[in-house]
Structure formats: structure tokens, C-alpha cells
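Trainee: Using the sequences and the hints given, assemble the complete structure.
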Amino acid sequence: MEFFNWFSGFSFVSSDVSTPHPGPLPVEGRGRKFAATFIHRINPMSEFVQSPAIARDEPVNAISPLGYPSQLIAPGESFESVTEEIGSIVLQPGARQPKSWWFGALVAFALLMLFFFAISYLLYRGVGIWGINIPVAWGFAIVNFVWWIGIGHAGTFISAILLLLHQKWRTSINRLTEAMTLFAVACAGTFPLLHLGRPWVFFWLFPYPDTMGLWPQFRSPLVWDVFAVSTYFIVSLIFWYAGLIPDVATLRDRAPSRVKKIIFGILALGWRGSAKHWQNHQSAYLLLAGLATPLVLSVHSVVSLDFAVAMVPGWHSTIFPPYFVAGAIYSGFAMVLNIVIPIRKLYGLENLITERHLNNMAVVMLATGMMVAYGYIMEAFMSWYSGDIFEQYMMANRAFGPYGWIFWALMLMNVLIPQLLWVRRVRTHPLALFFVALVINAGMWVERFVIVVVSLHRDFTPSAWGMYRPTFWDWATLFGSVGLFLTLMILFVRFLPMIAISETRKIVAERREGKLS
Amino acid sequence: MNANENIYGLMAEFSDNEKILVAAKSAYEHGFRKMDAFTPFPVEGLSQNLGQKKSFVPLIVLIAGIFGGLGGYFMEWYANVVSYPMNVGGRPLNSWPMFIPITFELTILSAALAAIIGMLALNKLPEPHHPVFDAPDFDRASTDRFFLCIEATDPKFDLEATRKFLETLNPELISEVAK
Chain B
1 MEFFNWFSGF
11 SFVSSDVSTP
21 HPGPLPVEGR
31 GRKFAATFIH
41 RINPMSEFVQ
51 SPAIARDEPV
61 NAISPLGYPS
71 QLIAPGESFE
81 SVTEEIGSIV
91 LQPGARQPKS
101 WWFGALVAFA
111 LLMLFFFAIS
121 YLLYRGVGIW
131 GINIPVAWGF
141 AIVNFVWWIG
151 IGHAGTFISA
161 ILLLLHQKWR
171 TSINRLTEAM
181 TLFAVACAGT
191 FPLLHLGRPW
201 VFFWLFPYPD
211 TMGLWPQFRS
221 PLVWDVFAVS
231 TYFIVSLIFW
241 YAGLIPDVAT
251 LRDRAPSRVK
261 KIIFGILALG
271 WRGSAKHWQN
281 HQSAYLLLAG
291 LATPLVLSVH
301 SVVSLDFAVA
311 MVPGWHSTIF
321 PPYFVAGAIY
331 SGFAMVLNIV
341 IPIRKLYGLE
351 NLITERHLNN
361 MAVVMLATGM
371 MVAYGYIMEA
381 FMSWYSGDIF
391 EQYMMANRAF
401 GPYGWIFWAL
411 MLMNVLIPQL
421 LWVRRVRTHP
431 LALFFVALVI
441 NAGMWVERFV
451 IVVVSLHRDF
461 TPSAWGMYRP
471 TFWDWATLFG
481 SVGLFLTLMI
491 LFVRFLPMIA
501 ISETRKIVAE
511 RREGKLS
Chain D
1001 MNANENIYGL
1011 MAEFSDNEKI
1021 LVAAKSAYEH
1031 GFRKMDAFTP
1041 FPVEGLSQNL
1051 GQKKSFVPLI
1061 VLIAGIFGGL
1071 GGYFMEWYAN
1081 VVSYPMNVGG
1091 RPLNSWPMFI
1101 PITFELTILS
1111 AALAAIIGML
1121 ALNKLPEPHH
1131 PVFDAPDFDR
1141 ASTDRFFLCI
1151 EATDPKFDLE
1161 ATRKFLETLN
1171 PELISEVAK
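One line per chain: the protein sequences are B and D, in this order. Note that this note's numbering has the first sequence beginning at 1, numbered continuously upward. Note that this note's numbering has the second sequence beginning at 1001, numbered continuously upward.
Bear in mind the hints are in silico, worked out from the structure with no lab data behind them. All values derive from a computational prediction rather than experimental measurement. For glycine and all other residues, C-beta sits at the position ideal for the given N, C-alpha and C. Incorrect hints may appear among the rest.
Stated by the list, open to error - Restraint ranges, calculated between C-beta atoms of paired labels, are given here:
id: 1; chain 1: B; residue 1: His429; chain 2: D; residue 2: Leu1070; range: 32 to 40 angstroms
id: 2; chain 1: D; residue 1: Leu1059; chain 2: B; residue 2: Ala432; range: 47 to 55 angstroms
id: 3; chain 1: D; residue 1: Pro1126; chain 2: B; residue 2: Gly213; range: 36 to 44 angstroms
id: 4; chain 1: B; residue 1: Ala105; chain 2: D; residue 2: Pro1126; range: 28 to 36 angstroms
Unchecked claim - Now the stretches of chain B that chain D is said to cover, found in silico as 3 or more residues with beta-carbon under 8 angstroms:
id: 5; segment: 218 to 225
id: 6; segment: 243 to 252
id: 7; segment: 471 to 484
Claimed, not checked - Subject to a maximum C-alpha distance of 30 angstroms in a straight line, what follows is the list of computed DSSO-like cross-link-like pairs (lysine-lysine):
id: 8; chain 1: D; residue 1: Lys1019; chain 2: D; residue 2: Lys1124
id: 9; chain 1: D; residue 1: Lys1019; chain 2: B; residue 2: Lys168
id: 10; chain 1: D; residue 1: Lys1019; chain 2: D; residue 2: Lys1156
id: 11; chain 1: B; residue 1: Lys276; chain 2: D; residue 2: Lys1025
id: 12; chain 1: B; residue 1: Lys276; chain 2: D; residue 2: Lys1124
id: 13; chain 1: B; residue 1: Lys515; chain 2: D; residue 2: Lys1019
id: 14; chain 1: D; residue 1: Lys1179; chain 2: B; residue 2: Lys261
id: 15; chain 1: D; residue 1: Lys1054; chain 2: B; residue 2: Lys515
id: 16; chain 1: D; residue 1: Lys1054; chain 2: B; residue 2: Lys276
id: 17; chain 1: D; residue 1: Lys1025; chain 2: B; residue 2: Lys515
id: 18; chain 1: B; residue 1: Lys168; chain 2: D; residue 2: Lys1156
id: 19; chain 1: D; residue 1: Lys1019; chain 2: D; residue 2: Lys1164
id: 20; chain 1: D; residue 1: Lys1025; chain 2: B; residue 2: Lys261
id: 21; chain 1: D; residue 1: Lys1124; chain 2: B; residue 2: Lys515
id: 22; chain 1: B; residue 1: Lys260; chain 2: D; residue 2: Lys1179
id: 23; chain 1: B; residue 1: Lys260; chain 2: D; residue 2: Lys1156
id: 24; chain 1: D; residue 1: Lys1019; chain 2: D; residue 2: Lys1179
id: 25; chain 1: D; residue 1: Lys1019; chain 2: B; residue 2: Lys276
id: 26; chain 1: D; residue 1: Lys1053; chain 2: B; residue 2: Lys276
id: 27; chain 1: B; residue 1: Lys276; chain 2: D; residue 2: Lys1179
id: 28; chain 1: D; residue 1: Lys1025; chain 2: B; residue 2: Lys168
Mentor: Printed below as a string of C-alpha cells:
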């Protein structure tokens, strides 16, 4: 009975009343030596009597007095039910993986093959297959790099900054977004490497005592980038894995087959949830959050300095670091929504990822979108106010030059359409929100195109002006990188718990004690 | 005691996080020191109730962060000032503001690596097997049950007396854990 979930539509939860503990196998059947010599079950019926579920009257989409969705997780969830809901996706794929997973895997894998194809041809022929040339030498590779790394910012923002700010709603989405961060940074990392021209000597970027007697020029923002992006990737990986250890331990203990038990057992490193373990773990996790917080702000600032330190009109601007960070979080949240909304629907996770989460993410997106819009206004204002004719021409060219239509598309996608998020119905309507997020994602890519390509194509001397036209290979690499991202994401939701189980259990406990709504 | 030779400890199982907090506190007040609790999520205050010391992770992270930062700056200074100086328009070679971003990144990197490695080392992980894994129901320690284990090495441990004591805590189940 304790597993009867009043508001959920899942049959596997509510129909299982006959076996109150459906998860792990009985102790005898576990294939290892049963070491206990004495078992004294004092209260054999306690499993039935001790109902952890407190059924409340509010439905999962309850609205607070101020008019916002108020539920962090559905009422009536228990330790066991949240563990089952999340864990079974990985452990009983037959029952919980939707058919559409295969469709998604197919699309993602096809795009990944396109990526490999594009890279192979690039390695064979060189960067000349792209549309880049002088004056636009940076092209799609750098646009894609900045776009992906920006997308990667939401994960750490949600995991680290919201943890430090005690925003409990992060719990249901932090694992997914951390994974998203890792995969987005992996995609981002490929572009500067491919853009090197000779990617196989990428290690020249790192400081090591080489036989050429050279060192990197540490005063260059491009070298800062190497350190910022690789640090960001490693720290995100550590943070993600640190959070994952207790959860893979849960999967190890509930795994139905020996192979799964061994694989999750290796990943769990022997985690047994002892008080000492938790104490060190929580301490390390909090410190990692504290370390990741300035890191996430630094990464896109460093990326923006690649531009701002240069003298090109449209790049040379002190507003770039904060404006890039705001844009990064903006596009990151858009990507989170684009991933979370289908997953929530397909895996039936509405009880854990509630309308409150959607609403909160939409609000963050609206706020950062306003900051980005302010950045656009300031760029325009400063180019006029500077009195510098090159700056003024840059702005006029951006809006009315040969790429002018792209600028206006950007304004539409990043400034006008997101204003729909003022409406609560849009913020809590998954489909509407999905499309707004999709528009913002595309808009942020266009923004980077405007910054990189439109600034470069006409700088100081008209004789050096030129146009940039992407080739098939540019597009193939862009969409191929989306394939890499989707493939990693789709494998992740299949093989690892996509919501932090132990943290969700903590939310259940806190709700029960009345600390949370 | 000979009878205790093959015993790792006595394990009591509880059904929620408030009970384990109370149980840990009374076990500590009863004089037990060598004990540990196993819970499916971090229960605030549990480690204090068990009388465990504060975590050393922050100290490790601080030291690693300081060394990472100093090491990072030293690397840049050595490379760009000593080993391969490059005169750009007569600007000072030790141009420290330009060395800050990488110093910062390496501070964070070392501190983060120290946080995870330090956490695993202090927890003595990876440790694939441990006697408590054999306790009945222990697979639920990662789902919805809370365990308190009083180890046989505790000076106050006595099989019968300890079991009696655990019974007063009103657990769901008490079991012996073999070594």
C-alpha cells in the first residue's frame, strides 16, 4: 500500500501492492555466502505498517498563492518509489525504455556518422574544405565552439551555483544537466582542435619540456582557453562522478543480473553509504560546488577574451565577459529544456520533474535573456558613443550590411520571442516551452555567427573585406557535432541514472519532516 | 572473547532517518565508539551523533589549491621569463596580470582533483568488499533502510549485552555480521 502513488500514472508503482519491496532480489537468491548467523526480526510487519508515503491533498501541479507551480516532487513519493522510478529506467530497460529511444538512437547515430565522415575528409584534405579564408578565418569552427561551450554552462550553474544557493529544485535536473555539460564541452573541444589544421599535434598547446625548446605564450587568451576548457571538462567530470557514486551503488544493490551488478559494482568503488563516507562525500561535493562556481564564470569569460583582447571592431569591448556568461547560461538552460521536456514525457518522470522545474528554468532563461538583450543594446550604444568610425561602421554593417538579415533574425529569436516567457501558461506548457527553448538555442548560435563572422568580414580596410559562405562540410560538422552530443546523451539516459537518486531521497525525507513543500 | 572472533559486529536496521539519528546518539551515550551507520542518503547530524571527527577533505583541498596556484604561476614565470623570454615592445617579462587566468584555472583544477582523490582516500575507496555487505537486508541500505553497526572491536562490545542494548532502540531487525 505504501507504494500506491496517488497522483502518478505509472502502473508499475501502483499495481505492485502485493510485493511491497519490488526492488532487490531476496537475500537468499543473491549468490553469495550468507554470513549472518543470527537474524532477529523484531517487527516483521513493519514494512507494511510503516508507511513512508504521506498522501497530501495537493496534486503534482499545485499552484502556490503567488501563482507559481509549487511541487518539487509529487506528493506521496517514498524512498522506495523514487529509487524505483529512477533506477528501473536503467535496470529494467524492457519495461521503462520507450520505443522512441531506438528512433532517437538511430537519428543520433546517423548524425554521429556524418560527423566522423566530415572529420575524416577534413583530416584528408585540410581546413580548405570549409568556407574559411582571409578575412574570415574563424568561421563555423569557432562559432560552434563558443555555442557548445556556452551550452555546457547550464549544467554547472544548476549543479554548483544553485546548490550553494540552497535551491532545492535543482535536485531533479542536476544529473541530466551535468551530463549535458560534459557532452557539450566534449563537442566544443573538438572544434578548436579541428580548426588547428594539424590536430594531431594538439599537444603543442600544453606546456611540456619539448625537444623544440618552445613554451606556450602564456600571455595569450588562446592559451588561457586551453587551460580553461580542459579544467572545466575535468572538474565537471569529477563533480558528475562524485554525485554518481552513491547512485551507482544503489543500482549495484538492485541490479537483477550478475553482469550489471559487477559493472555497477566497479563504478561504485565499494560505496556503502557509511556515515563517514557521507561526511567526506558531502564535504567534497560542497567544495567542488564552491570551486566550480567561479570556474563556470571564468570559462566563458576567458572564451570572450579570445575576442575582446583582439582589436577587431565588434570584438574589442569590455562588456564581453559578463555578456558571454549571461548568454552561456541563457543557451544552456534552453538546451536543458530541450532535453528535459522530451525525457520527462517519454520516461513518465512528471512526478520528479514537475511544472515547478519547468517554470523555474523558464524564469532563469527570461532573466538571462534580458541580460543578453542589455548586452546587445550596450554594444550598439557604445559603438555610437565611442566616436570611432570603425565601430560605428561595424554596427551599421551588422544591421544593414550583407548579413543584416541574420542580425534581425537574431533579434527576433533572442530578444522578441523569449518575451513569451512572461506568460505563465507558456512557462508551464511543455510544448510551448520546448519551442521557445529551441528558438533560443538557434538564436544563440546565430549570435555567435554575428559576432565571429560579421565582425571579421569587414574590419578596417575595404580592400581586405570579403564574404564568408559555409560549405557542405561546415554544415556537416555542425550537425555532426549535434549527433555526437545526442549519441552521448541517449546512451547516458539508457545506462546511468539520469536523476540523482540519493538527493531525491533526501528531498523525500525533508518533505516528510515538513521542511519543504 | 573467543566467541567474538569471527564477528565483525552487530547490525541494527531502522526504517527512517530520524530513528537512526536517535539510535546513534544513544549508542554513543551508552559508551560505544567503534561503530558506523549506513544510510541511503546523507543524514544531517548523524556523523556528529556517532562522535566522528570532522572531515579532513577541506584541509586537503586548501593545501592542493595553494600548491596548484603557486605551481601554475611558477610554470608560467619559468617558461615565459626564464626559459624562453620574449621581448614584446619592451614590456616587462613578468607580466603578472596576464598570468592570472591560468594560475586561477590550475588552482581550481588541483583543488578539485584533491577533493575527489582526498574524499576517496579518506573513505578508503575503492574497497570492493566489506563485511557489512553480507548483512541481511543490507542491499536496502542504498534504498530505504538505515543501519547502525556496532563493531566487535569496540571495548564495550559484548554479544549478548550489545544485542540487548540494540533491542532497546526498537530496530526492525538485528543481525550478526561475520568477518
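Trainee: Decide, hint by hint, whether the structure agrees.
Mentor: We went through each hint and held it up to the structure:
1. Distance hint check for histidine 429 of chain B and leucine 1070 of chain D: the Cβ-Cβ separation is about 53 angstroms, which falls outside the suggested range of 32 to 40 angstroms.
2. Between leucine 1059 of chain D and alanine 432 of chain B the beta carbons are some 50 angstroms apart, a value that agrees with the proposed interval 47 to 55 angstroms.
3. For proline 1126 of chain D paired with glycine 213 of chain B, a C-beta distance near 42 angstroms keeps the hint of 36 to 44 angstroms intact.
4. At about 32 angstroms, the beta-carbon gap between alanine 105 of chain B and proline 1126 of chain D stays in the expected band of 28 to 36 angstroms.
5. Counting residues of the segment 218 to 225 of chain B whose beta carbon lies closer than 8 angstroms to any beta carbon of chain D gives 5, which reaches the threshold of three, so the coverage claim holds.
6. Remark: the segment 243 to 252 of chain B is confirmed as covered by chain D, as 4 of its residues place a Cβ nearer than 8 angstroms to a Cβ of that chain, reaching the required three.
7. Against chain D, the segment 471 to 484 of chain B contributes 0 residues with a C-beta closer than 8 angstroms to a partner C-beta. That does not satisfy the three-residue criterion, and the hint is violated.
8. A threshold of 30 angstroms between alpha carbons decides the hint, and for lysine 1019 of chain D with lysine 1124 of chain D the separation of about 27 angstroms falls inside it, so the pair holds.
9. For the given pair, lysine 1019 of chain D sits about 24 angstroms from lysine 168 of chain B by alpha-carbon distance, which is consistent with the 30 angstroms threshold.
10. About 22 angstroms separates the Cα atoms of lysine 1019 of chain D and lysine 1156 of chain D, which keeps this hinted pair within 30 angstroms; it holds.
11. The suggested pairing of lysine 276 of chain B with lysine 1025 of chain D holds, with an alpha-carbon distance near 15 angstroms, which does not exceed 30 angstroms.
12. Of the supplied pair hints, the one linking lysine 276 of chain B and lysine 1124 of chain D holds, its CA atoms being roughly 10 angstroms apart against a limit of 30 angstroms.
13. Note on lysine 515 of chain B and lysine 1019 of chain D: the hinted pairing holds, with a Cα-Cα distance of about 17 angstroms set against a maximum of 30 angstroms.
14. Among the hinted pairs, lysine 1179 of chain D with lysine 261 of chain B is consistent with the structure: their alpha-carbon atoms are about 22 angstroms apart, no more than 30 angstroms.
15. This hinted pair checks out: lysine 1054 of chain D and lysine 515 of chain B have alpha carbons roughly 25 angstroms apart, not beyond 30 angstroms.
16. Proximity of lysine 1054 of chain D to lysine 276 of chain B is assessed by CA-CA distance (about 9 angstroms); at most 30 angstroms being required, the pair is judged to hold.
17. Between lysine 1025 of chain D and lysine 515 of chain B the CA atoms are separated by roughly 22 angstroms; this keeps the pair inside 30 angstroms, and the hint holds.
18. A threshold of 30 angstroms between alpha carbons decides the hint, and for lysine 168 of chain B with lysine 1156 of chain D the separation of about 42 angstroms lies outside it, so the pair is violated.
19. The suggested pairing of lysine 1019 of chain D with lysine 1164 of chain D holds, with an alpha-carbon distance near 17 angstroms, which does not exceed 30 angstroms.
20. For the hint linking lysine 1025 of chain D to lysine 261 of chain B, the alpha-carbon distance of about 34 angstroms lies beyond 30 angstroms, and the restraint is violated.
21. For the suggested pair lysine 1124 of chain D and lysine 515 of chain B, the alpha carbons sit about 34 angstroms apart, so the restraint of at most 30 angstroms is broken.
22. The straight-line distance between the Cα atoms of lysine 260 of chain B and lysine 1179 of chain D is roughly 26 angstroms, inside the 30 angstroms bound, and the hint therefore holds.
23. Taking the CA atoms of lysine 260 of chain B and lysine 1156 of chain D, the gap is near 40 angstroms; set against the 30 angstroms cutoff, the hint is violated.
24. Between lysine 1019 of chain D and lysine 1179 of chain D the alpha-carbon distance is near 26 angstroms, which keeps this suggested pair within the 30 angstroms criterion.
25. With a CA separation close to 18 angstroms, the supplied pair lysine 1019 of chain D and lysine 276 of chain B stays within the 30 angstroms bound.
26. Of the pairs offered as hints, the one joining lysine 1053 of chain D and lysine 276 of chain B holds, with about 9 angstroms between alpha carbons and a cut-off of 30 angstroms not exceeded.
27. In summary, the hint linking lysine 276 of chain B to lysine 1179 of chain D is supported, as the alpha carbons are separated by about 20 angstroms, within the 30 angstroms threshold.
28. Restraint check: the Cα-Cα separation between lysine 1025 of chain D and lysine 168 of chain B comes to about 28 angstroms, which is no more than 30 angstroms; the hinted pair holds.
The structure fails hints 1, 7, 18, 20, 21 and 23 (numbered hints given earlier, in ascending order).
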